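In case you want the letters, here they are:
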Amino acid sequence: MDEIDEIVQEFLVESHENLDQLDRDLVALEREPDSRELLGSIFRTIHTIKGTSGFLAFSNLESVTHVGENLLARLRDGKMSMTPTTTDLLLAMVDRVRDLLTTIEASGAEGDVDVSDVVEKISALLDGKEVPAAEPTPVAELLPEVAETAETAQVAEVTPEPVVEAAPEPIAELVPASVVEAAAKSVAPPVAKPAAKAAPAAEEEHGARRNVADSSIRVDVDLLDTLMRLVGELVLTRNQIVRQAGEQEGLELVRSAQRLNLIATELQEGVMKTRMQPIDHLWSKLPRVVRDLGAACGKQVSLSMVGRETELDRSLLESVKDPLTHLVRNAVDHGLESPEDRVALGKPAEGVLTLRAYHEGGQVVVEVCDDGAGIDSDKIAQKALDKGLRTSAQLAQMAPADILQLIFLPGFSTAAAVTNVSGRGVGMDVVKTNIESIGGTIEVESVVGRGTTCRLRIPLTLAIVPALTVECAGDRYAIPQVSLLELVALDADRAATAVEDVNGASVYRLRGALLPLVRLTDVLGVESDRSDGHVLIAVLQAEGKRFGLVIDRVLSTEEIVVKPLGSRLKSLGTYSGATILGDGRVALILDVQALARRALTAEALERGTTPDTVETHKAASEHLRMLVAGIGGGRKVAIPLSSVTRLENIPTSSVEVVGSREVVQYRGAILPLLRLDRHLGSMSEREGDDLVVVVYSAANRSVAIVVDEIVDIVDEESEVRSDIDDHGLLGSTLIRDRIVELLDVRAAILAADPKFYTAPEFEVTLDADYQEAM
Amino acid sequence: MSTRMVTFTLDGRLYGVDVDAVQEVLRGQTRTRIPLAPGTLAGLINLRGQVLSAIDLRVQLELPSREEEAEPMLVVIRVAGEPVALLVDTIGSVVDVDTDQFEPPPDTLSGNSRELLLGAYKLDNQLLLALDVDRAVAA
Chain A
457 MDEIDEIVQE FLVESHENLD QLDRDLVALE REPDSRELLG SIFRTIHTIK
507 GTSGFLAFSN LESVTHVGEN LLARLRDGKM SMTPTTTDLL LAMVDRVRDL
557 LTTIEASGAE GDVDVSDVVE KISALLDGKE VPAAEPTPVA ELLPEVAETA
607 ETAQVAEVTP EPVVEAAPEP IAELVPASVV EAAAKSVAPP VAKPAAKAAP
657 AAEEEHGARR NVADSSIRVD VDLLDTLMRL VGELVLTRNQ IVRQAGEQEG
707 LELVRSAQRL NLIATELQEG VMKTRMQPID HLWSKLPRVV RDLGAACGKQ
757 VSLSMVGRET ELDRSLLESV KDPLTHLVRN AVDHGLESPE DRVALGKPAE
807 GVLTLRAYHE GGQVVVEVCD DGAGIDSDKI AQKALDKGLR TSAQLAQMAP
857 ADILQLIFLP GFSTAAAVTN VSGRGVGMDV VKTNIESIGG TIEVESVVGR
907 GTTCRLRIPL TLAIVPALTV ECAGDRYAIP QVSLLELVAL DADRAATAVE
957 DVNGASVYRL RGALLPLVRL TDVLGVESDR SDGHVLIAVL QAEGKRFGLV
1007 IDRVLSTEEI VVKPLGSRLK SLGTYSGATI LGDGRVALIL DVQALARRAL
1057 TAEALERGTT PDTVETHKAA SEHLRMLVAG IGGGRKVAIP LSSVTRLENI
1107 PTSSVEVVGS REVVQYRGAI LPLLRLDRHL GSMSEREGDD LVVVVYSAAN
1157 RSVAIVVDEI VDIVDEESEV RSDIDDHGLL GSTLIRDRIV ELLDVRAAIL
1207 AADPKFYTAP EFEVTLDADY QEAM
Chain B
3 MSTRMVTFTL DGRLYGVDVD AVQEVLRGQT RTRIPLAPGT LAGLINLRGQ
53 VLSAIDLRVQ LELPSREEEA EPMLVVIRVA GEPVALLVDT IGSVVDVDTD
103 QFEPPPDTLS GNSRELLLGA YKLDNQLLLA LDVDRAVAA
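Chains A and B, in that order, are what the protein sequence lines are.
The first sequence maps to residues 457 to 1230 in our numbering.
The second sequence maps to residues 3 to 141 in our numbering.
Note that these hints are calculated values from the structure, not bench results.
Because the structure is a prediction, the values reported are computed rather than measured.
The beta carbon of each residue, even a glycine, is placed where N, CA and C say it ideally should be.
It is possible that some hints are incorrect.
What the hints assert, rightly or not - What the simulated footprint calls covered on chain B by chain A, stretch by stretch (three residues with Cβ under 8 Å from a Cβ of chain A suffice, anywhere in the stretch; the number is not a length):
1) 52-66
2) 87-93
Claimed, not checked - Simulated crosslink set (SDA-like; lysine to any residue; CA at most 20 Å straight-line):
3) LYS1026(A) x PRO37(B)
4) LYS1001(A) x GLU899(A)
5) LYS1026(A) x VAL81(B)
6) LYS1026(A) x GLU70(B)
7) LYS1026(A) x GLU84(B)
8) LYS1026(A) x ALA82(B)
9) LYS1211(A) x GLU1141(A)
10) LYS1026(A) x GLY94(B)
11) LYS777(A) x VAL886(A)
12) LYS124(B) x PRO85(B)
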């Protein structure tokens, strides 16, 4: 059954269920032939099968259900009344549908089941002709010779062209004359076997296999929830047992505990799986939506989907469906420009819509990115002002990124014109409400001219996640392992020197890179009970930023069951949930993302999350871009590119001397000059009458750093580092298999311009800038 | 019309909630404090694998805080299907009260507690203050 793809499987399961219902309805209908309700129900069932079969290109199935549907529509609307003939025909149709489904299930294709006779008879009935009474039980009528049917089936398939006749009923158009002819030839002698056994060969061939409908059952999601909760309890109990067993001597107990451990883990995974479905279930419908939308809006769109195997709790999947579709509609309708506009802007005519899904920090992140016009935060601000949603004073204080989030306010719609596609009164606020109702968040990022990214963060409630338990001020907290990079323990002596200070902000040199430190006690407003001077740092990663969380003690790693918190606790923005530890006590789960947002300065985060382009966002936030420059003697120095504003070549003759310092005139200002070779104890090997200058700026001050040559600009993965701590350097790293020294930018700048950092207006920005750069 | 109420005491006064809202009564539960949470939230407790918020009714009703060594009891009530624990001093009993005995809070009652009290049932020897469960939990 592997070759049958999932959609077909689902269709079969659904259809089999529907057919059983249909049989009951038809039988009931015989007793009360005028029941509109029954007819309506039958009509809907057939209609569903017809719709899906058309979609899946089962043309025989479609044609037989199509005529059936027409007949039923007529009956339902009271234009025809039930007679024994119609009942027989309907039953015959249902049987034929069942045959087709069986064949599809066995072989994946419609095979040779003939439908033309049923189609013909129903059409004839619809045309008002009397069906020959000579065939009283069409149900019993059976498949003709295989060879012949194959032929007719083919005929039926290849004759989609309607024969235009003067017949008033629409159905007449859909029955091709050739089918009628062919079918007339193939009328087979009735065989006294029920039609349901029509594909015996197929059944024998796959006899060992359970059929689709039998091998899957529908289970109430509530039941799964209960199971999930019980498994959660089991996991807790297991944690308790395993811990107690670890403390005791009895070998037997330890063994049993280990087995329990294994079984519980497998059971947990199994139950989790029953609820998880890949997000592709949602996405698989989107290519069509996008295509149709693109056509309707006159836009060319290519859809790319990344992470379609990302699994999501089924109930969440349902809740995300509408918001996601809305975002996709928005992106195509409002986000992407028309092909002409795009070409005029130098973009490819075809817009790219990217859907991305991945797990991050115990959440599923779903992104909808377009490379369209982007959202202008000024326009948003103006609109918010016009609509009276915000005052100009409020807006003035908001960062552009925050202003963008205003589009989620109720009563906000930026679409200049209400189009057929979106802007029908279901705005982004509804999307936000829907997402928040399942405990998720939504944010939007946009670069004007580059595109827009909407990011949904959906929690995995009920999830069981591996976590690190830590202690702080006597309380225990859990930190999800996904956010945890490593642990650093410093004894009192080392802590005294290793924890340094950048203008009041604690930092630790982690392999040469400065790691901003956040004290959990400060965040939570509690008093640490650790007085021996030891420092424990959990190095965490969130929102593309690394930071060190200072905690009192590390306890252990364990699987924890995430229990959702009430909205009141969630709104504190510090905890993502709670869990019950092995000893039965409750521990809060720290929301690392929220901690990062709260503790790291806005600017540092902004730099981390605002992408250069929407596409490279992940890469940009994970790697630091470095400018690699040669300074003579084969030495290479890396300078964080974020510090660099320009690269220039200036004539040597333009260098002047003021006091003991070299300066150059540059764009009407005087730039202090720093010769990096001399600063780092090297000798320039560059000859010629010009200098290669790297201009570093912050606020209104700039410094020119003279290097020998610009070698490269690389994305540095700051993993491989040593902290050979020479004067003016932060350490070294491997870039493209070469050892490159990391410039201590601050020291270098100070060497050129001692006042660079002291001007008060720089303090805040430089701090953040500096940390970011390092 | 009579109503059945579960009674408990807070700072020497008698309070009551509708018996239908009460799930169970507990004592001796370890509470996990919640830094940064409002003072009315006295922590989280583990009730057979479920994490419940515990609300300190003394704080909620603006009564003086409990003595250090006094161990509070917990009344677990269900509000909108969700269990919540209320911290009380002692548990009383289940009493039947009649609507005739009921009076709304006096006009002189002000502050937060006015919002939280439905009124008082005049018992023979004292007043039974009926708590508005939804509000007590929501605030």
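To see whether the hints hold, each was checked on the structure:
1. Coverage of the stretch 52-66 of chain B by chain A holds [criterion: at least 3 residues with CB-CB distance below 8 Å; count 3].
2. Only residues whose beta carbon comes within less than 8 Å of a beta carbon in chain A count, and the stretch 87-93 of chain B has 0; fewer than three means the coverage is violated.
3. This hinted pair checks out: LYS1026(A) and PRO37(B) have alpha carbons roughly 13 Å apart, not beyond 20 Å.
4. For the hint linking LYS1001(A) to GLU899(A), the alpha-carbon distance of about 18 Å falls within 20 Å, and the restraint holds.
5. Our distance criterion of 20 Å between C-alpha atoms is met by LYS1026(A) and VAL81(B), whose separation comes to about 18 Å.
6. Between LYS1026(A) and GLU70(B) the CA atoms are separated by roughly 29 Å; this puts the pair beyond 20 Å, and the hint is violated.
7. Taken as a hint, the LYS1026(A) and GLU84(B) pair is honoured in the structure, with Cα atoms around 16 Å apart against an allowance of 20 Å.
8. Proximity of LYS1026(A) to ALA82(B) is assessed by CA-CA distance (about 18 Å); at most 20 Å being required, the pair is judged to hold.
9. Straight-line distance between C-alpha atoms of LYS1211(A) and GLU1141(A) comes to about 30 Å, which puts the hinted pair past the 20 Å bound.
10. Between the alpha carbons of LYS1026(A) and GLY94(B) the distance comes to roughly 34 Å, so the proposed pair goes past 20 Å and is violated.
11. With a C-alpha separation of about 13 Å, the suggested pairing of LYS777(A) with VAL886(A) holds against the 20 Å cut-off.
12. The hinted pair formed by LYS124(B) and PRO85(B) fails the criterion: a straight-line CA distance of about 29 Å is larger than 20 Å.
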